[in-house]
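**Student:** Sequence:
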Amino acid sequence: MALTSLAVTAVGAPTVYSAARSLMGAQQLVEDAELAERAVSLAHALAEERDTLVIALAGPSPDPAAALDPSVRSRSDRRVDELRADAPAPLLRRLETLADTREQALSGDAGPLAVHDAYSLIITQLDAVTRSVSRERPERAADPVSGALPDLARAVDASAATRGLLAAALLLGGDQPELVQGAQRARAREEAALADFATTGGARGQDVYDTTVTGPEAAAAAGYLQAFTAAPGAAPAAELREAGAEQVAAALAARTELQRGVLASLVGRQTENLRELRADDLTALQLRVALVAAAVLLAAGISVATARSLTRPLAVVRLGTRRVASDPAGQEPVRYIGRNDEFAEVIAAVNALHARAVTLQREAGEATADRGDLHEEHHRLTAERQRLLTEQQELSRRLAALHGAVHGTFAHHADRILALAAEQLAVLERLEQHETDPDHLATLFSLDHLAARVRRHGENLLLLAGAERPAPPDRPLPLVDVLRAAVSEIERYELVEIDQPVPELLIEGFAVRDISHLLAELLDNATAFSPPHARVGLAGRTRPDGGAALLVTDEGIGMTGARLAELNERLAEPGDIPPPGADGDPGIGMGMYTVARLVARHGLHVSLRLRAEGGIAAEVILPPALVLATDPEAQDPAAVAAVAAVPAEPADTLWTTGAAPATPATGPADAAPAPWPPPGAGIDAPVMPDLPSPPDAAPAGPDPLPVPDAGIDAAAEPAGGSDPGGAATSDPGPRWPAEEPAEPVAEPVAGPVAEPAVEHDRAPAEPLAEWDGQDPAPPPATAPAAPHIPVRQRDRAALRAQLEGFTRGARAGERAAAAEEEAQP
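Counting along the sequence shown from 1, when you hit position 85 you're at 85 in full-length UniProt numbering, and nothing is skipped either side.
It is possible that some hints are incorrect.
[Unchecked claim] Ranges between beta-carbon positions, derived for each pair: (1) 308 with 369: 50 to 56 Å; (2) 363 with 10: 48 to 54 Å; (3) 268 with 84: 20 to 26 Å.
It is worth saying that the hints were derived from the structure and are not from the lab.
Ideal placement from N, C-alpha and C gives every residue a C-beta, glycine not left out.
Between the sequences and the hints, there should be enough to build the whole structure, so can you do that?
**Tutor:** See below:
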């Protein structure tokens, strides 16, 4: 019953709520209309006070205090107090100025026109109250005459203003152009407002106005106003001067009072209409409430009758089921005498349950007999389970200990490999410092390069074992040195070309070694899967967000789209990548697994894509947190000394070939291009001589001379030569102008030796803007064959000077960095 009553109430609640809202809206309209009545009354009182003061100030002997009747003043103050409690905020602010305005007028500090304007501002704000009430009536209470009340209020105010200003002008003899022009403007406003009232209020509103504003005084006032309007210039007509200020003011005042009567009656009628609307809304609300209450009572009665028709059969069912439930096996089934309805079905179901209960009780007795055997079996299985859990925990503990021992062994052997590599590099450094034979020096540098690769793989073992890597440099290093260090740590370094110019950026010291190793892994893969003479590109560029982007491109065999998508997906979430072979499949390979670990360590982003001309492009995005802009004032002095400590002798003087030197007729553009940066491009870093390719890359050439490993501070660049994989075209494009070599040094001095930049005429690198969405332009259809590398005659002294100067400068930079690290607390 309660639920039914609530449902009926919920259905009727919206209509009751709608009626209540209509009643509240009507009540608000009534209150606003009453406020508008008080505002109209106050506006009339203030207009009368304004006109009295204006006329008094314009008289021959101004005495506004005597002219203003105290009763008029007190009436205005009383109506202000009545209105103040319900007035809106803008009107209250205007009413606060009434006292000052009146005081200035009574003291004679303000002229007639100033007093008129000050009072008019307050009256205009009062008329706004009438306008808001008349224009915001609901559709069901729409009335054209009520909508036209604001226009009539403006007309009444303008009529009073015309009377006051015109009477003041006549008192002063009519030679007051400001007062006359003000009266003319007020008359124009009155005519416009009356026209708006006739248009909005319709015929009914116009009839009310015409039947009220009539009579001899209204006709006389209309004649005066017509003569005033027809008079040319800013002076009253002669007819008005003859009539005199008092007669004209009296006629106009009578007409204004008639207009005020029309306005007051229409405002009062508007209030009565709204009160009737409120009464209708109240009646509608009462009817709806009564209707909903009747519906609730009817629903409650029906619910009671229905409940009584159900309670008697339910009592039979309840008592019978309780008896059967108390002793299912011993009690008799329930007997029901009545119609074959739902209750009969319930009794049949209860009796079926009774029969089932008897059967279950018999079966329960049989099951109790077998319970003892099951209990013993349960205890045996519980003990076996506990034994297996203990064995599992012991195996887990042993597996964890074995896993930690394996990782510790990896880390221990990696540390030993790194120590041996460092010791080997130190021994090679001492041998290189005292070796003068070029062939022996080349062999030592080959061993130096091999030791650097061993050191790289040892640090990779530390990374895979989860151990801490060696202490990184504590200062930022130039990006060009990071790229060169990566090139120096791979096997086929001579295939790598660093595109110039390299952005003048600094890499944070804690990330330098890891970024170098990451690039080395990518370059190793690129050179391993590239043709013997194909070049591998390495380039860098800045990003709009302050980071940097590095690109490794090759012309190798590429890979399938599915494999490429798999690698990119795993590199996008490097933290979830298992070690190679840990999940039963090849995974991503040891090199790419190392890349993924380094990506996860520093928040980098590595993506692979297929190039249109063949091969793979690997892009490495460095976040802004790892990249600093180059500040020449803040560079480390040791690093600058290491970069500058290169022989001042041009590299071309160290090797001689059978080809004739370039002549002014042919120019440097006809010489073979070299993959080295132009003079002044990028960071001023040491440049290695043009070294020959190794035997596996170019069998016809001489034995390779590896670039010595100089760590991160001064890494070697790849050997020179054109791109045999088709990078060079028939039109080499613009070339860098050759520079005159510096004067060669007679003999190397002790310590780091300066070396100039290598002359070349290579075409500048293509802009890196092509990275976004596409690879650089594809090579021509027919790529030229691999160029023949001529056998060069070695100048032992010059070679020794250059290689020794480069090595000493690099070692000096490393020692300076190590000294800074030790000096720090």
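**Student:** Could you run down the list of hints and mark each one as holding or not?
**Tutor:** Going through the hints against the structure:
Look at residue 308 against residue 369: about 52 Å separates their beta carbons, and that is inside 50 to 56 Å. In this structure the hint that residue 363 and residue 10 lie 48 to 54 Å apart at CB holds, the actual value being about 51 Å. Distance hint check for residue 268 and residue 84: the Cβ-Cβ separation is about 22 Å, which falls inside the suggested range of 20 to 26 Å.
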